[in-house]
Amino acid sequence: MANKTLLFLSLLLAMVVLMSTNGAARELAETSSNFTTS
3 MANKTLLFLS
13 LLLAMVVLMS
23 TNGAARELAE
33 TSSNFTTS
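Residue numbers (the numbering used here): 3 to 40.
Keep in mind that the hints were calculated from the coordinates and are not lab data. Heads up, a few of these hints could be off.
[Claimed, not checked] Label-pair distances were calculated between CB atoms; the ranges are:
hint: 1; residue 1: LEU14; residue 2: SER35; range: 39 to 45 Å
hint: 2; residue 1: ASN36; residue 2: LYS6; range: 42 to 48 Å
hint: 3; residue 1: THR7; residue 2: SER34; range: 38 to 44 Å
hint: 4; residue 1: MET3; residue 2: GLU32; range: 27 to 33 Å
hint: 5; residue 1: SER35; residue 2: LEU15; range: 29 to 35 Å
hint: 6; residue 1: GLU29; residue 2: LEU9; range: 27 to 33 Å
hint: 7; residue 1: PHE10; residue 2: GLU32; range: 29 to 35 Å
Owing to the predicted nature of the structure, the values given are computational and were not obtained by experimental measurement. Just so you know, even glycine gets a beta-carbon here, dropped at the ideal spot from N, CA and C.
Whole structure, please, built from the sequences with the hints as guidance.
In structure tokens, the structure reads:
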């Protein structure tokens, strides 16, 4: 039972990290494009 909980939490953490890095990359791309246009 503990193994399933640990697996679930690690998957959840991985998804959160992926989403946050994806969002950060998107923000970085937007700011860099803003620098080039201005």
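Hint by hint, here is what the structure shows:
At about 32 Å, the beta-carbon gap between LEU14 and SER35 misses the expected band of 39 to 45 Å. Separation of ASN36 from LYS6 is about 45 Å and conforms to the stated range, judged on CB atoms against 42 to 48 Å. The beta-carbon spacing between THR7 and SER34, approximately 41 Å, falls within the hinted interval of 38 to 44 Å. In this structure, MET3 and GLU32 break the distance hint of 27 to 33 Å, their C-beta atoms being roughly 44 Å apart.
Taken as a hint, the range 29 to 35 Å holds for the pair SER35 and LEU15, whose Cβ atoms sit roughly 31 Å apart. In this structure the hint that GLU29 and LEU9 lie 27 to 33 Å apart at CB holds, the actual value being about 31 Å. Range check, PHE10 to GLU32: about 33 Å between beta-carbon atoms, so the 29 to 35 Å window is met.
Hints 1, 4 from the list above are not met by this structure, while the remaining hints are.
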